[in-house]
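J.: As a plain string of letters, each chain reads:
Number of protein chains: 2
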Amino acid sequence: MSKAVFYHAGCPVCVEAEQQVAASIDPVKYKVEIVHLGEQASRLTEAESAGVKSVPALVLDGNVFHINYGADLSALKA
Amino acid sequence: MSKAVFYHAGCPVCVEAEQQVAASIDPVKYKVEIVHLGEQASRLTEAESAGVKSVPALVLDGNVFHINYGADLSALKA
Numbered sequence: 050m051s052k053a054v055f056y057h058a059g060c061p062v063c064v065e066a067e068q069q070v071a072a073s074i075d076p077v078k079y080k081v082e083i084v085h086l087g088e089q090a091s092r093l094t095e096a097e098s099a100g101v102k103s104v105p106a107l108v109l110d111g112n113v114f115h116i117n118y119g120a121d122l123s124a125l126k127a
Numbered sequence: 050m051s052k053a054v055f056y057h058a059g060c061p062v063c064v065e066a067e068q069q070v071a072a073s074i075d076p077v078k079y080k081v082e083i084v085h086l087g088e089q090a091s092r093l094t095e096a097e098s099a100g101v102k103s104v105p106a107l108v109l110d111g112n113v114f115h116i117n118y119g120a121d122l123s124a125l126k127a
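From first to last, the protein sequence lines stand for chains Z and D. Just so we're aligned, residue 50 is where the first sequence starts under the numbering used here, counting upward by one. Just so we're aligned, residue 50 is where the second sequence starts under the numbering used here, counting upward by one.
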């Protein structure tokens, strides 16, 4: 099974995308993980390494798809 | 069943998104239609009405999600 990671930060744009886009992914093909980078700051490095520049973003098998625009990743760093 | 429309214009960014994002959508929940606005210019008005500003874009139940950035819709007008 392939891996899908949906990164978000709780912003309104993120929440709408999460509810619709993350929920639209085929559970037969993908194991979907949802990561809130505002609450799990430890995963910022992982997101950056994957190429995530802004949230919300969906990473499918290592390829990043930025969905609309909520916030830059840099805004989430302490 | 809900409706998902994936608008693109054949650009490299669009093709990658089409192959991965459109293909990741749950066929149990969504009927997916793929529209190439470069070849089906007659559907530009429909895309604009849905709120599509750039391609590739995915419209899920009427809500627009712009995925990465390929081209502005205005660039597709004759």
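Read the hints as simulated data drawn from the structure, not as lab findings. Please note: incorrect hints may appear among the correct ones.
Pairs count within a copy or across copies, as identical chains cannot be separated in the list.
[Said to hold, decoys possible] Restricting the straight-line Cα-Cα distance to at most 30 Å, the calculated cross-link-like pairs of lysine-lysine (BS3-like) are:
1. Lys126 / Lys78
2. Lys80 / Lys52
3. Lys80 / Lys126
4. Lys126 / Lys52
J.: Each hint: holds or not?
T.: Here is how each hint holds up against the structure:
| no. | hint | result |
| --- | --- | --- |
| 1 | Lys126 / Lys78 | neither (33 Å within a copy, 36 Å between copies) |
| 2 | Lys80 / Lys52 | both (5 Å within a copy, 22 Å between copies) |
| 3 | Lys80 / Lys126 | within (27 Å within a copy, 39 Å between copies) |
| 4 | Lys126 / Lys52 | within (25 Å within a copy, 37 Å between copies) |
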